[in-house]
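A.B. asks: Sequence:
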Amino acid sequence: MRRNGLTPDQTGIAAYSVAHDIAASHLRRGLTVIADAVNPVPEARAGWRDLAVECAAEHVVIEVTCPDPDIHRRRVEERVSDLPGWTYPTWEQIQQRDYRPRTDDRLVVDTTHPVDACHDEIARYVGR
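The numbering of the sequence shown is this note's numbering, which starts it at 1 and goes up by one.
What the hints contain is simulated information worked out from the structure, not anything from laboratory work. Being a predicted model, the structure only gives us computed values, none of them experimental. Treat the hints with caution; some may be incorrect.
Stated by the list, open to error - Listed next, with one range per pair, are the computed distances between beta-carbon atoms:
# : residue 1 : residue 2 : range
1 : Asp98     : Arg49     : 16 to 26 Å
2 : Ala117    : Ile13     : 34 to 44 Å
3 : Ala44     : Pro67     : 14 to 24 Å
4 : Ile34     : Glu78     : 20 to 30 Å
5 : Cys66     : Ala123    : 14 to 24 Å
6 : Pro114    : Ile34     : 32 to 42 Å
7 : Ile122    : Arg75     : 11 to 21 Å
8 : Asp98     : Pro69     : 12 to 22 Å
Glycine included, C-beta positions come from ideal geometry on N, C-alpha and C.
Given these sequences and hints, build the entire structure.
C.D. replies: Here's what the structure looks like:
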């Protein structure tokens, strides 16, 4: 979408729509889908939940968070994009975004912990 001229502000809803279509195609074939997305508002979250119901698929939510604002900011500011034309949001832009805290059933993973510990926690949660 970005390669075709859509600005970052224009891609939000369109990106979710395309991702839902691809996910539905995979789920209907019995494949696993991992939707790695912020889903900042309840409506975005409901879209994935509804899609799972529609496709008779299990819906597992894992919220990955960095609760330490200094570490979070450093990670944001040190990111480098490897996709041509893609720019990540700045720390200031992230701070201004509308993000409504989740209240649904989910695993919350603290990424200030070592990667192996996060991996093991997720694997236990999904039963693998």
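A.B. asks: Now tell me if each hint is right for this structure.
C.D. replies: Each hint tested on the structure:
The beta-carbon spacing between Asp98 and Arg49, approximately 19 Å, falls within the hinted interval of 16 to 26 Å. Distance hint for Ala117 and Ile13: a CB-CB separation of about 35 Å, consistent with the stated range 34 to 44 Å. For Ala44 and Pro67, the hinted distance range of 14 to 24 Å is satisfied, since their beta carbons lie about 21 Å from each other. With their beta carbons about 24 Å apart, Ile34 and Glu78 fall inside the hinted range of 20 to 30 Å.
The hint said 14 to 24 Å for the Cβ distance between Cys66 and Ala123, and at roughly 20 Å that hint holds. Between Pro114 and Ile34, the C-beta spacing of about 21 Å breaks the proposed range 32 to 42 Å. At about 19 Å, the beta-carbon gap between Ile122 and Arg75 stays in the expected band of 11 to 21 Å. A hinted range of 12 to 22 Å for the beta carbons of Asp98 and Pro69 is consistent with their spacing of about 18 Å.
The structure shown violates just one earlier hint, number 6.
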